[in-house]
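Residue numbers (our numbering), protein chains in the order written: chain W, 206 to 323; chain S, 78 to 531.
Hints were generated in silico from the structure; no laboratory data involved. Please read all numbers here as calculations on a predicted model, not as lab measurements. Backbone N, C-alpha and C fix where the C-beta goes; we use that ideal spot for every residue, glycine too. Just to be clear, a hint being listed does not mean it is correct.
[Stated by the list, open to error] Output of the computed footprint for chain W on chain S, the stretches with three or more beta carbons under 8 Å from beta carbons of chain W:
{"no.": "1", "stretch": "158-171"}
{"no.": "2", "stretch": "319-331"}
{"no.": "3", "stretch": "447-454"}
[Claimed, not checked] Here are the simulated distance ranges between beta carbons:
{"no.": "4", "chain 1": "S", "residue 1": "Lys-258", "chain 2": "W", "residue 2": "Ser-322", "range": "34 to 40 Å"}
{"no.": "5", "chain 1": "W", "residue 1": "Leu-294", "chain 2": "S", "residue 2": "Leu-526", "range": "40 to 46 Å"}
{"no.": "6", "chain 1": "W", "residue 1": "Ile-239", "chain 2": "S", "residue 2": "Lys-496", "range": "30 to 36 Å"}
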Amino acid sequence: MKHIKRTIFSIVAVVPSIVMAETLPEYNLTIQSIFAIINGLVCWMARISYVLMVIMLVFYGIMYFFSEGEMGKIVKAKDGVKWAAVGILVTLGAYTIIATIANAVGVPDVSKFLPLSC
Amino acid sequence: MKKLLFSVLLAVFLGIFYLPNTAKAECALSSVNWDKQRIAVGEAVRLTVVGSGCSDVKVITKIYEADTVSDDLIKTTEAIFPSTNAPTVAQTITFSSADYALGNDAGEGSEEEIYVKASIVNMPATTVTSSQIVLAAPSAGGCQLGSAQLSVQFNSSPILGSPLHMIINGNGCANYQVSFKIYSDDFMQNYEMDSVNGKFDATGTKLDVIWAATNKNDNRPAASRLGNYNFYFWASAGASKVKSNSVKIPANSENGCVSCNNVIAPTTCVCADGFSGPRGAFSSCDPICKDHIGDALGGPSTKKYACNAGGKYACGTKADCSDAVGCTAATRAACAQIDVSLCGKAFGSSLPTPPAAGASQSYTFTVPNWLKGEPKDLVSLLDIIAMWLFNLAIPVAVGLIIWAGVLLMTAGANPANVKKGGTILKYVAIGLAIIFINKGFISLIRSILELGNS
Chain W
206 MKHIKRTIFS IVAVVPSIVM AETLPEYNLT IQSIFAIING LVCWMARISY VLMVIMLVFY
266 GIMYFFSEGE MGKIVKAKDG VKWAAVGILV TLGAYTIIAT IANAVGVPDV SKFLPLSC
Chain S
78 MKKLLFSVLL AVFLGIFYLP NTAKAECALS SVNWDKQRIA VGEAVRLTVV GSGCSDVKVI
138 TKIYEADTVS DDLIKTTEAI FPSTNAPTVA QTITFSSADY ALGNDAGEGS EEEIYVKASI
198 VNMPATTVTS SQIVLAAPSA GGCQLGSAQL SVQFNSSPIL GSPLHMIING NGCANYQVSF
258 KIYSDDFMQN YEMDSVNGKF DATGTKLDVI WAATNKNDNR PAASRLGNYN FYFWASAGAS
318 KVKSNSVKIP ANSENGCVSC NNVIAPTTCV CADGFSGPRG AFSSCDPICK DHIGDALGGP
378 STKKYACNAG GKYACGTKAD CSDAVGCTAA TRAACAQIDV SLCGKAFGSS LPTPPAAGAS
438 QSYTFTVPNW LKGEPKDLVS LLDIIAMWLF NLAIPVAVGL IIWAGVLLMT AGANPANVKK
498 GGTILKYVAI GLAIIFINKG FISLIRSILE LGNS
C-alpha cells in the first residue's frame, strides 16, 4: 500500500513537468487535409480489399476441401468462388468503372483526377 | 471454427501487409537557422528547420555548446512539419540558467557559443547543423545583454527623421542604465553619429528606445557625405556590450527623397513612401517629396530649421540655417524651427488645423472579398461549391465501388449481400454520372430554352 502511494505520488509529481516541457505542435487543419484524409482512408480500404481477395479465394478453397463430396457444401463453395471473382473484378475495375461513366457523359480528361495517389 | 480460421488468416495477412508500409516518404533536410546572432538567458529565439518533402515528419533538434574537445548537449527539442508540404518548421526556444550551466565548463568565459543539430527521427544520417550563435551568461550580479536589433516599423523606405527602434534584450538588467552610441558604417571608417541613453524597467528583459535618424552630428569629411548612412548602434549596460545590425538610410533624404543620395539631382524623385515623380528643370526633389515622407513624423526631427527665401520657407538641418538654400544673411539671422510639412510653403503659413470635435468627415473604405477565388455572382459561387463536391466525390466513389466489390467477394452464397453490392454499384454509377455532368445541366436547360438557336 505504501509502495502504491509512493508510486502514484511520484507520477503525479513528474507528469506535469513532462507536460510543461512539451508544447503542442502547430497544426492547421484545412479542407485540403480533409480531402487528403478521405483519400487516405480509401487507399487503406483498397489495400485491405487486395488482401481480402486472396483470403476469400483461399477460404472458399478450404470450404471445397472440407465439403467431403456433400452436394450442398460444394454448391456453397462454388457460388462463393463465383461471387468472389465478380467482387475482385469490381474492386480492381473501380477506376475503369469511373472512367467509363466519365467518358459516357463526356468528361474530356479523366487523368486529372484518376487514379487516386496512394 | 470457420470464424476462427478466417480471423487467424486475416490477422496473418494484415501483419504481412502492414510491415512494409511503415516507411515514410523521402524527406530531406537542407538547413537549420537561428534568427538572432546573440541571445540572453530567457530571451526567445526562433529556430527554423528547412527541408523538402517532409510533411508530418518529426524533427529532433539538439542544441550543443561548442567546446574544443567534446561538445555539451544542453537542450533537446522537437518539431513536426505541417502536413501541407510546407518547406519549413519553426519553433521558439528560450534558454534557462540551468541550460546555460549544462554547457558551462570550468574556466570558460561569460558567454557560450551554441549551435544546433537537426535530424529526422530514427534517421541520424539526415543531420544538418546550424551556424554558431552566442548565448550570454545568466546574470551573476550584473546585467547581461542578449540580442540587439535596429529596426524600422514603417514598411517603406526609412529616411533621415524616421523613428528607428533600438531593441535590446537582456537578463538581470532591471533598472540598468543603457547607453546607446549610434555609428555610421562607412567604407573605410566608422563615425559616431549620435548617442542616446535609455533605462531598463523593473523586469529588465527588454528595452525599446526610439531614435529619430539624424545626421546633425555628422562630422565626416565631405567625400564621405555622399551615398548612404549605414546606421548601427552599440548598447552598453554595466560591463555588457552588444552591437546591432545596420539599417541603410540614403543621404540627403531629410526632405523625403530617397533617390537624392548623389551630387547630381536625379531626373525622377523617389520618395520615402514609394511615391515618385519627375523632377522639374532647375528644381529640387523637395517639393515633390514633401508630402511623402513616410513615418518621419511625430518624432523630435519633424521640426526643421527654416528661413525666408523669397517668400517661402527654405529648410535645413542646422540650427543657424547655414545649409538652407536661398536665404539671405538677414533672414538666416531670423532662423526658426518649423514643422517639416511647411518646408517650401509660403513664408508665414501654418499647419492646417485639425477638424473640430463632432464635425463630420468623409472616409472611404472597401470590404475585401474573403472568399477564395473571389466569386462575383451566384453562379461562380456555385461553381466553387461544385468543384468542392467534385473533389470530395471522386475518392468517395472509389471507396464505395471497392466496398461493393468486398461485399460481393464475401457474400458466398448469401444473395442478400450480392444484391446489396449490386445496388451500391448501380447508385454509385448514377451519382457519378450526375456529378460529372454538373454544369452540363445548366447549359442543357439553357439550350432547351433557346430552342437550339445558338
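Comparing the hints with the structure gives:
1. Counting residues of the stretch 158-171 of chain S whose beta carbon lies closer than 8 Å to any beta carbon of chain W gives 3, which reaches the threshold of three, so the coverage claim holds.
2. Taking a C-beta to C-beta cut-off of 8 Å, the stretch 319-331 of chain S contributes 0 residues in contact with chain W, too few for the three needed, and the coverage statement is violated.
3. Given a C-beta distance limit of less than 8 Å, the hint that chain W covers the stretch 447-454 of chain S is violated, as 0 residues qualify and 3 are needed.
4. A hinted range of 34 to 40 Å is violated for the C-beta pair Lys-258 of chain S and Ser-322 of chain W, which are about 60 Å apart.
5. The supplied range of 40 to 46 Å is met by Leu-294 of chain W and Leu-526 of chain S, whose beta-carbon atoms lie about 43 Å from each other.
6. About 33 Å separates the C-beta atoms of Ile-239 of chain W and Lys-496 of chain S, a value consistent with the hinted range of 30 to 36 Å.
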